[in-house]
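*Asks:* In case you want the letters, here they are:
Protein chains: 8
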Amino acid sequence: MTDQQIEQILSLYQRGEISSSEATKKIKDLFYEDIGFARVDHLRASRQGFPEVIFGQGKTEEQVLAIFSRIARRTPNVLVTRTTYGAFTEINKQYPEAEWHEQARIIRLFRDKTDRGIGEIVVVTAGTSDIPVAEEAALTAETMGNRVRRIWDAGVAGIHRIIAERAVLNAARVIIVVAGMEGALPSVVGGLVSVPVIAVPTSIGYGASFKGLAALLGMLNSCASNVAVVNIDNGFGAGFVASLINRHQGK
Amino acid sequence: MTDQQIEQILSLYQRGEISSSEATKKIKDLFYEDIGFARVDHLRASRQGFPEVIFGQGKTEEQVLAIFSRIARRTPNVLVTRTTYGAFTEINKQYPEAEWHEQARIIRLFRDKTDRGIGEIVVVTAGTSDIPVAEEAALTAETMGNRVRRIWDAGVAGIHRIIAERAVLNAARVIIVVAGMEGALPSVVGGLVSVPVIAVPTSIGYGASFKGLAALLGMLNSCASNVAVVNIDNGFGAGFVASLINRHQGK
Amino acid sequence: MTDQQIEQILSLYQRGEISSSEATKKIKDLFYEDIGFARVDHLRASRQGFPEVIFGQGKTEEQVLAIFSRIARRTPNVLVTRTTYGAFTEINKQYPEAEWHEQARIIRLFRDKTDRGIGEIVVVTAGTSDIPVAEEAALTAETMGNRVRRIWDAGVAGIHRIIAERAVLNAARVIIVVAGMEGALPSVVGGLVSVPVIAVPTSIGYGASFKGLAALLGMLNSCASNVAVVNIDNGFGAGFVASLINRHQGK
Amino acid sequence: MTDQQIEQILSLYQRGEISSSEATKKIKDLFYEDIGFARVDHLRASRQGFPEVIFGQGKTEEQVLAIFSRIARRTPNVLVTRTTYGAFTEINKQYPEAEWHEQARIIRLFRDKTDRGIGEIVVVTAGTSDIPVAEEAALTAETMGNRVRRIWDAGVAGIHRIIAERAVLNAARVIIVVAGMEGALPSVVGGLVSVPVIAVPTSIGYGASFKGLAALLGMLNSCASNVAVVNIDNGFGAGFVASLINRHQGK
Amino acid sequence: MTDQQIEQILSLYQRGEISSSEATKKIKDLFYEDIGFARVDHLRASRQGFPEVIFGQGKTEEQVLAIFSRIARRTPNVLVTRTTYGAFTEINKQYPEAEWHEQARIIRLFRDKTDRGIGEIVVVTAGTSDIPVAEEAALTAETMGNRVRRIWDAGVAGIHRIIAERAVLNAARVIIVVAGMEGALPSVVGGLVSVPVIAVPTSIGYGASFKGLAALLGMLNSCASNVAVVNIDNGFGAGFVASLINRHQGK
Amino acid sequence: MTDQQIEQILSLYQRGEISSSEATKKIKDLFYEDIGFARVDHLRASRQGFPEVIFGQGKTEEQVLAIFSRIARRTPNVLVTRTTYGAFTEINKQYPEAEWHEQARIIRLFRDKTDRGIGEIVVVTAGTSDIPVAEEAALTAETMGNRVRRIWDAGVAGIHRIIAERAVLNAARVIIVVAGMEGALPSVVGGLVSVPVIAVPTSIGYGASFKGLAALLGMLNSCASNVAVVNIDNGFGAGFVASLINRHQGK
Amino acid sequence: MTDQQIEQILSLYQRGEISSSEATKKIKDLFYEDIGFARVDHLRASRQGFPEVIFGQGKTEEQVLAIFSRIARRTPNVLVTRTTYGAFTEINKQYPEAEWHEQARIIRLFRDKTDRGIGEIVVVTAGTSDIPVAEEAALTAETMGNRVRRIWDAGVAGIHRIIAERAVLNAARVIIVVAGMEGALPSVVGGLVSVPVIAVPTSIGYGASFKGLAALLGMLNSCASNVAVVNIDNGFGAGFVASLINRHQGK
Amino acid sequence: MTDQQIEQILSLYQRGEISSSEATKKIKDLFYEDIGFARVDHLRASRQGFPEVIFGQGKTEEQVLAIFSRIARRTPNVLVTRTTYGAFTEINKQYPEAEWHEQARIIRLFRDKTDRGIGEIVVVTAGTSDIPVAEEAALTAETMGNRVRRIWDAGVAGIHRIIAERAVLNAARVIIVVAGMEGALPSVVGGLVSVPVIAVPTSIGYGASFKGLAALLGMLNSCASNVAVVNIDNGFGAGFVASLINRHQGK
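Chains as they are written, first to last, in this note's numbering: chain A, 1 to 251; chain B, 1001 to 1251; chain C, 2001 to 2251; chain D, 3001 to 3251; chain E, 4001 to 4251; chain F, 5001 to 5251; chain G, 6001 to 6251; chain H, 7001 to 7251.
The set of hints was computed from the structure by calculation and includes no laboratory data. Cβ atoms here follow ideal geometry from the backbone N, Cα and C, with glycine treated the same way. Careful: at least some of the hints might be erroneous.
Said to hold, decoys possible - Below, a sample of chain E positions facing chain C; criterion: calculated Cβ distance under 8 Å:
hint, residue
1, Ser4129
2, Tyr4206
3, Gly4207
4, Ala4208
What the hints assert, rightly or not - Listed next, the in silico DSS-like pairs over lysine-lysine satisfying Cα-Cα at most 25 Å (straight line):
hint, chain 1, residue 1, chain 2, residue 2
5, F, Lys5211, G, Lys6211
6, D, Lys3211, E, Lys4211
7, H, Lys7026, E, Lys4025
8, A, Lys211, G, Lys6059
9, A, Lys93, A, Lys113
10, E, Lys4211, F, Lys5211
11, D, Lys3211, D, Lys3026
12, C, Lys2211, D, Lys3211
As the list claims (entries may be wrong) - Cβ-Cβ distance ranges computed for the label pairs, FRET-style:
hint, chain 1, residue 1, chain 2, residue 2, range
13, G, Lys6025, B, Ser1019, 18 to 24 Å
14, A, Ser21, C, Ala2171, 20 to 26 Å
15, C, Arg2149, A, Thr60, 23 to 29 Å
16, A, Thr60, C, Ile2067, 31 to 37 Å
17, E, Gln4057, D, Arg3147, 55 to 61 Å
Can you build the whole structure from these sequences, using the hints too?
*Replies:* Below you can see the structure in the form of structure tokens.
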């Protein structure tokens, strides 16, 4: 809400071009538009290739389809996370270009593939069991307009595996590291590069992993200073934050 | 370790300009320099305005002084975190330009003030008690070559305080949010902007805050997708990650 | 147990209208009635529109029906919480006016709709997943004789949503805020109003929400001073406490 | 921000009584006053006998004195919680009417003693060690314009002690129950009355009380439906919430 | 292993009644019998009316039947805990006098009903959901030769219920109190009597009861000095300890 | 409150020996006397050799002295736990027979040494660091009229130490086992005897003992069925419960 | 990478036997071969009788079969842990010598039975429920070329059971102790022997065992100095570590 | 207790060389010596170079000196852990050859330096703050007759540091890895070698390290199969277990 905006309304009102109640409404709109930034952001975001995202968990297939249809009309890219193949088959009937990503359990409509990133996002996993969460991150980042490189199964107990990828890591603009069990990989990757590392603990593990708590604590206590952490199994969040890091200023 | 580097040594050796043992040593150096990336990074980093950082905690004033002196010879900017005024007075005798930051308990030598950031880093606190941690973040970011804006005491129980700063927040390249107690501010800020938010839980709080655990869990479970988290009270880490986000690609 | 009550019995006995053993029994009844306040309260309560409440969890449909029938004879309003549609169909055969509330999983007999409140109770949720718990709270409050307003999906990551409802919030006598994940909404609402806020953490969340623990700790550590908390997912308790707050003194 | 307010400004502007820039400023003020509710609330609150509260913890005696002096000029009642006798002696020089409450560690300026409550607030403790927290609650409630009754040392291991006070409990508008160790007293009190009970766990206890965690969990799991809980040792919060419950609607 | 035993063997050997290797074996037997106390205890125990106990959990119906049959031949009383009705029907074919206890999920063979107790054991529950655990305790105690009194559903939120039973409580030799949720009942009972109270936390509860943790901590922190605690839902253990307390010295 | 008592009052009233208001008062007294059991118990208890106990923790030396003096006039045995030598020297001036127990930090007045126990109480510790807690238990039991045997430093890593004491253990009426670290000793002792074992976890331990939590959990999960547990470091509670177990019925 | 290796390449290059680019490649290979140790280890290991291990959990039967077939061609011994009988029947068709171990849920191909151990590995369990985990340890150790002795059901509540096995224990080179509930057995065994003890906590237990946490903490806090711990239920890890301890140096 | 031992006594008795009571005593001694293995072990151990160890924590300097003197007479090597320089100066007066190790806070008498190990023990730390715990491990191992190599400050954030030491690591018989913060180093080392790794979590760390809990959980969940864990900060235990692993069979 700028002075100019208010003065413009006053001026219209002054000139009799709008009535008192119209002016009142316009000023209120100004106010609410202003407060209503989220909706504005929302529009701006989708113009810039931010996908609309539907969290599938806890929704019926019908609900997912209904929401998907409404969104797919006005925005090129749509992502449904934590959903089912059943929901996909419903959507697929109407949107043959929709994709099903089995591992990530994601439905994607990916019609705008503009590259909007500064550089490349690299997604790394410690083990093969971490791939579903990593795919969620990778697909989120791709759909938000980023080039994504995947490095699977490069855990610290075979340290040469990640070291062999140093060139790829160093070329990245931001790295997502997905790991369960002791969650040590982000520290190693963090030490190898000078870009931000987004660490995603997974609930993969046995016994005293306590459903990802061990990995989470490990990552929060990383001795590498360039590591920040998202919630357990939150691949989507990691992909989202990494995409924002890889965006040009001004976006 | 590039092909060119190896071939150059082979060529010198071929031309008899270096002996076999000298060539062997040079190749080994190459190897170790290569593995020794951290040191290389280190040099590159300090050329780029990354400060050398000394963690003061658990070190005697003599130790801090000794390390400081050695570093200050070869690098323009030095940061000592979690240190004492006593250590500062010792350092100040030799380095009159050294600064003491009481709240952050930081000693800083800040001789290279080049701005290396894409945009601005905004640091926000929920309460006044969170300022020491926030100052650690802000000073780290400044010393790493970023313009920093501070917004203190804008906690969610007086929501207008943070909303009033929306313009500043939206102009940022990356935002650091520092909060104790329920740690709710990063979610609110995250919802107001479309840039990455680095959340720092603090150990500020009473009773069931359990020394920052409540704030930490709150931030990890943020309903805003653009929030990543660092360790409790880890202002330095937040400032470091934010600086990397605000860097130009290729740095 | 008042002096009057005792003296009345003594007087009856004195006049020979009751025998010694009858007097003894009456005095004992007095005593037990007195200690037996719960039963007394119970009667008084149901006279005042407090519903009888049956916790359905762990009870068979037959048991629910049997208890329901007994209660429905003597009290106008009955609530069955955490129950099943199957139990409802059984009850519905005998009580066609009984209602089934799918989201809250509540069966309700709502025959006395007297408004007994000082003002209005507003129930707010952070997300759509929190609605079942919020509906439990809202239905409890309604059935206890309160006017209830619902505001769904007004979480802090889109702060304008709750701010837009400020007028409604400020008109309330007491507000119930239901939130999972980081549980930040009660702090924001608490800061917007000067009435009591009853916060209900829900078990909604992923990973490190630890089944509502993150939200619970967040709410207990609220920086707003007018927030009190009930157990995780305890919509009934929140509705009950809020109803008592909204009652006229003397009740 | 009402339509009337906007139209009034438009009208003034229309009639030429204010300039365009004055109208712009007035509209912005409206907006900011509107968003700036906290400050407005604050004024309203202090008019109504809400005390200004200074959290003394972590502040120097000089800071406490400085803040106190500024506040004491414009508001009749001031409360400093978690403070020191040293701070009191400084304040006492300038404000001889200031009171020192040793157990609660509270400084109080209590010049407006208007009773603003619907009824009485009763504060109960389980043990003598819980009294400091209970006193913080009681003094907060008193200073906010409530009549307060204290019942100390009525823990459940001597159940007759609380039962003997039933008449007092039943006459209350709201009850604050303060207990450490197993935190069982709120359940018992909750069962005795039909008014809201605000439960305050204290950090009093040994071994597996884990600094109030046992009492906190006990209270959250209370089998009495009229109990809501605040943070461990948060006497101030309990007093504050209870005061709001005891206020007349519209306040 | 007494001196007499050794000397007796030496004497036999001396007199040539046993060979050197026989003497060696006898001495070794002495040693192992001595170490082998548990088996001896076991025999002694069953002579005294201690039932043999089979933990049914994790065993197939066939396994339960097989073990039961073997034991039932040599000992009058047998208890199978945490078992199924299916196991009972198998056993019942061979042992028509076997009993099935639905709530406790216990199979019992109760042929020796001698009263071996000093006094009476009273078992109390806070709620009706606690009865299965309490029945396990009560049946264990009965089968071990104790008179048992049951008081169900006497939780602290209706404090008159337990007070009304004071006469029964005071007549007990030992009391078992079974409670979930906040686990407050043992403190109240402990305060009413001067005999030992064995507290059993149950996993009954919602949300922050954390599967009995709240009740467990509450009981461990009981302000009554005569309370000792067993594991969550461990009705058998409580019945066992109480039986030992109710035994005559020398048993 | 018996029928006889009521009828007696009615009869007095009937005969005109007491007035209506006197009868009313008498009936009310009956009621209150009845509720007032604790005080009665208290007197009875001290008559029977229960010591009066003062928890010294958090009390000044003056307070301890004052309370001690008042109690020592009317009761033969007094115990002050968790107190200081300073408090003892004050008490000792007036009560030369008072004893100071350095390890347990207990002051004791032990004038009535009647043996009121059925048998002997044995107190065992796993290590020497557990002795202070064990002494608190032993002194409590002694002062309550029991013969006590002490076995110090018989932890499970040298299993022969406890096995060598089997004869003593088997002769006991009840055993108190005090252990820190892994808290394994109660299971071993429980397996060796057929009397109740009261287990006391201590806060002795390093690292992951988490101030007694490891020992506490170990004891609660004991595979011996005759073990019940008290709070961490709660020697007094263990001594108290054991004394009640060792009492004659009817006491 | 030795000096000799580099000099050899230089020499070849010098003599013109390899070109500059060949020399460059060889030097790089040297480097990468060096880093590529894990694969080398892997081969060496399988030559020495280390089995290939497939973690079956989370893999389909088809996946297990496919991996198994590939491995079984090049290595004599294969272990599939945490798998199903269904997977076994598939494998068994192609590998009739494959074994199914029901309790451990392990498929094993055991074609090389060379004894490679220094001595014997003894595996002990506290209860019968711990056997599946213990079998996983025992089968792992056997398959890695060790003689294994099993002692089942020797928990501390019947201490004679483990003492009776002292001779066996003392003859071992390393002992694996598997226990749930309070996890006390490793301390007892540790005290009986002077060889390393590998402790495996199991998730066996009730209530406050918290899925093995109690046993884990107990073992970490063992008062025996020769105990080291692996993750909850990690029989494989224990068998693996024990096998390495039992290997000849130089292996 | 062997057959031979018993038969020898019988034979002496038979031949009249010992009386009946002497034979009885000898047999009992045999028994107790047998049960009394710990003492026997102890003697054997010290003959083999096991040092006597005194835990200094919680002992006065006088106590340490007294125990030290008694032990030093009969055993060549003595270790006092967690002690003070003050205790050392006392001991040093009598034992000039005693050593003070400042970092480990250990006093050592190291007179028997026989190498009893199969190979070498390598001790590695992640950071410099972990050195005190690592030194405790190293000194313990040395004093027990092992050659020890130290690698300090080789944490995973600079992965080249540990890789550079691969040759040393691979030559070890057993490796001790000491790390705080995220505790990731044991996994990396475990992956580099095929010998047992004993992991020691330290309490070094900030915020969510929770005094070593993060490192402990990380190590327990290590993805390397050759890692076993001891208690937080338990350098002594790690050195002890490693020494046993490095012993020749039969010792």
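*Asks:* Holds or violated: is the Cβ of E:Ala4208 closer than 8 Å to a Cβ in chain C?
*Replies:* Given a least distance of 5 Å, the restraint on E:Ala4208 holds.
*Asks:* Hint E:Tyr4206 vs chain C: min CB-CB distance below 8 Å?
*Replies:* At about 6 Å, which falls below the 8 Å cut-off, the nearest Cβ of chain C leaves the hint on E:Tyr4206 intact, so it holds.
*Asks:* Using the nearest Cβ pair, does E:Ser4129 come within less than 8 Å of chain C?
*Replies:* holds, 6 Å
*Asks:* Regarding the pair A:Lys93 and A:Lys113, is the alpha-carbon distance no greater than 25 Å?
*Replies:* Roughly 22 Å separates the two Cα atoms, so the pair holds.
*Asks:* With 8 Å as the cut and Cβ atoms as the points, is E:Gly4207 at the interface with chain C?
*Replies:* holds, 3 Å
*Asks:* Keeping to a limit of 25 Å between CA atoms, is the pair of H:Lys7026 and E:Lys4025 held or broken?
*Replies:* holds, 16 Å
*Asks:* Can you let me know if the beta-carbon spacing of G:Lys6025 and B:Ser1019 is within 18 to 24 Å?
*Replies:* holds, 23 Å
*Asks:* Per the hint of 20 to 26 Å, is the separation of the Cβ atoms of A:Ser21 and C:Ala2171 within bounds?
*Replies:* For A:Ser21 and C:Ala2171 the Cβ distance comes to about 24 Å; the hint holds.
*Asks:* If you draw a straight line from the CA of A:Lys211 to the CA of G:Lys6059, is it 25 Å or shorter?
*Replies:* Holds, at roughly 19 Å.
*Asks:* Given the hinted pair E:Lys4211 and F:Lys5211, is their Cα-Cα distance within 25 Å?
*Replies:* Given that 25 Å is the threshold and the Cα spacing comes to 23 Å, the pair holds.
*Asks:* If you draw a straight line from the CA of F:Lys5211 to the CA of G:Lys6211, is it 25 Å or shorter?
*Replies:* Holds: F:Lys5211 and G:Lys6211 sit about 21 Å apart, inside 25 Å.
*Asks:* Please test the hint of 23 to 29 Å on the beta carbon pair from C:Arg2149 and A:Thr60.
*Replies:* For A:Thr60 against C:Arg2149, whose Cβ atoms are near 28 Å apart, the range 23 to 29 Å holds.
In terms of the numbered hints stated before, the structure departs from hint 11 and from no other.
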